[in-house]
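Protein chains in written order, with this note's numbering: chain A, 1 to 327; chain B, 1001 to 1486; chain C, 2001 to 2147.
Hint data in this document are derived by calculation from the structure and do not stem from the laboratory. By construction, the Cβ of each residue, glycine as well, lies at the ideal position given by its N, Cα and C atoms. A couple of the hints might just be wrong.
[Unchecked claim] Ranges of calculated distance between the beta carbons of each label pair, as one might list FRET restraints:
#1 A/L26 with B/D1024: 21 to 27 Å
#2 B/E1361 with A/T325: 55 to 61 Å
#3 B/F1199 with A/L26: 23 to 29 Å
#4 C/A2112 with A/V326: 55 to 61 Å
#5 C/P2071 with A/N115: 45 to 51 Å
#6 A/G206 with B/K1202: 55 to 61 Å
#7 C/G2072 with B/T1375: 37 to 43 Å
#8 A/V326 with B/I1141: 53 to 59 Å
#9 C/N2005 with A/T325: 19 to 25 Å
#10 A/N115 with B/P1317: 29 to 35 Å
#11 A/K187 with C/Q2127: 52 to 58 Å
#12 B/K1212 with A/I24: 31 to 37 Å
#13 A/V226 with B/L1187: 52 to 58 Å
#14 C/G2072 with A/A219: 39 to 45 Å
[What the hints assert, rightly or not] Pairs of lysine-lysine residues, derived as DSS-like cross-links and limited to a Cα-Cα distance of at most 30 Å, are as follows:
#15 C/K2116 with A/K111
#16 A/K187 with A/K7
#17 A/K327 with C/K2138
[Said to hold, decoys possible] Covered stretches of chain A, as calculated for chain B (at least 3 residues, CB under 8 Å):
#18 117 to 127
#19 155 to 163
#20 202 to 216
Here is how the chains run, residue by residue.
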Amino acid sequence: MSTEKPKVAFYWCASCGGCEEAVIDLAEDILKVTAAVDIVFWPVAMDFKKTDVEAMEDGSIAVSFINGAVRNSEQEEMVNLLRRKSGLVVAFGSCSHLGGIPGLANFWNRKTIFNSSYHTSPSTDNPEGTIPQEKHIMEDGKELTLPRFYDTVYTLDQVIDVDYYLPGCAPPKHLIMTAITAILEGKLPSKGAVLSPNKSLCDDCGRNDSKPEKLAIKAVKRPWEVEMDNEKCFLAQGIICMGPATRSGCEERCILGNMPCRGCFGPTDQVYDQGAKFLGAFASLLDSDDEEEIEKIVNTIVDPAGTFYRFSLPSSILRRKRMETVK
Amino acid sequence: MSKRITIDPITRLEGHGKIEIFLDDNGDVDRAILQIPELRGFEQFAVGRPAEEMPRITPRICGVCPTAHHMASTKAVDDLWHVKPPPTAKKIRELIYNSFQFEDHTLHFFFLGGPDFVVGPNVPKAERNILGVIGKVGLEIGGQVIKIRRLTREIINYLGGKIIHPVCGLPGGVSKGLDEEHRVEFLGWAKETVEFAQFALKIFNDVVLQNKEYVDIVVGDAYQIKTYYMGMVTPDNKVEFYDGDIRVVDPDGKEFAKFKAREYLDHISEHVEPWTYIKFPFLKNVGWKGFEEGKDSGVFRVAPLARLNAADGMQSPLAQEHYEKMFEVLGGRPSHHTLAFHWARLIEALQAAETMVQLLEDKDITNTHIRNIPTKTPDEGFGVVEAPRGTLFHHYKTDEKGIITEANLIVATLNNAAAINMSIEKAAKSFIKGGKVDDGLLNMVEMGFRPYDPCHACGTHCLPGDMPLEINIYDRAGELVKQLKR
Amino acid sequence: MSSENFDPTLIGFLCTWCSYTGADLAGTARMTYSPNIRIIRVMCSGRVDPQFVIKAFKEGADGILISGCHPGDCHYKEGNYKALRRHRLLRKMLEQFGIEKERLRLEWVSAAEGAKFQNVCDEFTEQIKELGPLNIMKGDINEYREA
Ligand code: SF4
Ligand code: SF4
Ligand code: SF4
Ligand code: FES
């Protein structure tokens, strides 16, 4: 191995910036990282340009960490470029891994989103019905361009080949450090691995012991409706908690805040559709054999798709709402 | 002759906002615009979601100020269900919120905006960063900056469940309370924040105010635009971040409007342009007159200086002293000096710190009654807070089950979008004459909009601060004639 | 595609103990039922993972039938109740994806009910013909470049 430090790039697509904050939150540890690697591209913090990346030799970046989902043409172009230049690509955070919360936009399409943003929103004053254009010609004839906004939000691995995934919205510190260390020491698991333990959140959850042998749910409670016990398993309280269908590794952050899990870590390796998996497990817990009563309980589950796929809609089998039914 | 100059913070393909400057026939600046290339559509995909999940969904608009979205959203769902949180829950929310305000403001000063001053605007870029600040003020202090940020973030993390995207807000309260042991520990930390905020103000005083050259820059004409100002106030018109009425003052400092969150639509509208994905909020009762200064234009500003301009004072004693001093130095209120946002930011950090101490000295904050369960039917809710980057509105309508049927958000940074454009234009006009471009433009433009701390994660995803800048100057044929780069 | 010349693809998940035997009976008794349905034999209706159903829709099924023993008759006691609960919840969720709830059908068919099976299949085929093709997009990024 050469003595040159490995080159690392960070990039963001349709992201909230929280994943970048997560890196900054490494605080003192970030100095260890910068000592061991050579950061060649990080738009939020450093002045290297796309042209600099283009000039690099293919494969010369050891690893690119990419956060955010892909939802427009320039993000697509940029991740393709980084893929070409990088040995490894790590999808960083829920958005890049699963689509994330911005992926809920897949219940809609470009037209409906533009319509609500630029026409129907109650504060919009747009008598001429202007909407942003990919190409706009100014009065002096000059052209202004904007990237193309897609109908659908994509996960990173639907656009380029991805080597590893760092889950979480945002990924926690300890996992980021473990991943970076593993990369530096060349001790990586096989390609395609999610860099967090392959077991369910329930396995690690402090409330698991309070879960009865056989859970039986008579009515589903929404978090606003009830005083939430801060020691008892949420499912045992009739509150939807995605723990059973979610990978562990987040250190039960929401649970410790006395709120149920919403599944940001995505599923374990055995599962390929987190929402459907959870639905299967959860429906089995409903405590009735009677059709009518079952209907009634099901009615208390007000937004199954938006809850079970809170973070993973774009990575689900269906990926989005059926196009022709979007209104 | 028509020329076009492109300032691409990070080239178009990397897409985080782009500045275009158009020249007129004489080669003087005709117009400057900031393009934002992204949209995510939170308003639309909120539809169909249970309203109580909004405080967990909307923070993903911005990972830099998730706490602001979380609180605005939580207040909107309180209102939606017509439920009031118990006093302790309100105190816990305020504690989280003031910790956040403090933490975000100090981050901005030391890591992002401050280096311009502390290290100096003319030193090489490589030194104008946190390391440069540490170099100037000493390693020990640098360590303190990192530590104080860690402590305040820990308070939010403990109570909020997560620091990035907190989860604790529920209609009628919070999910988690504070015990005595943590109260005592956090109180100790809060006292440190007061020390720290004063210390930051001292640095500002020593480095900026004692230096005539800097003061001249701050009060100079290139960094002035006269606009309306908006900010939240207490009943006696003191600066407030979490809960209060919204007050607007005109460019002369006279109260123009004072309204409740519920009435925001009577006061604010948003203008659409075909060349950017963001919208431009303006005062409805003045009207959209384009990117213009003055009383006749509905452009208003938000965020630290705007809040201090819109209020009659600060809530806490130490902050009040600095408030008075600031307006004295700046020649009265309101101040139109864009660079004074940095100063106002530190004064706000001090108020936030003092408020944290006050909240934690009150033992009632450990009361276990932290929720009121809603009993009324939800219909429509409004929530407003002062995010570090300005007034933030959340507005939801639901069916009787509390499922969102319509959502509208007016996000902090975007309230300043028109003013940011104007500040850029002003800088451009000062530095581009007769088609000749001064290298100082780059610096001017950068310093002209950094005070707003434009966080386009809220609308796109540009982290505030040290954006690499590139200015491309094209001749009529579209040929690149000059490139300035930082 | 008009409903006349639309030839729907249907998938039937049939439990081996009752429904599959019922279908078999229909076959051996030469009762002709809709040729559109492709049958997948499962041990119990309670074994039909919602992931299979969704996958089948994605791969081109226009309608899916889950069929198990009558209540009380499940070989594994509870399996068909489990199927029932999942079916109700899954139907509700599929509607949020724009998939009409009629496209996912649950029926109890015993080993002796060959005729019922025949009826269910024919009726279901007609119903789906009326609804038209499902047209689930693969959803890969190329679909939207020229959209
Ligand atoms: S994964 Fe979460 S923190 Fe990261 S970019 Fe997406 S929304 Fe933000
Ligand atoms: S369901 Fe939720 S609360 Fe219960 S054990 Fe699993 S993760 Fe913990
Ligand atoms: S508890 Fe669930 S939603 Fe919360 S951080 Fe962990 S995996 Fe994500
Ligand atoms: S064995 Fe037939 S449904 Fe369970």
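Violated hints - listed by number, lowest first: Hints 1, 4, 6, 10, 13, 14, 15, 19 and 20 contradicted; others consistent.
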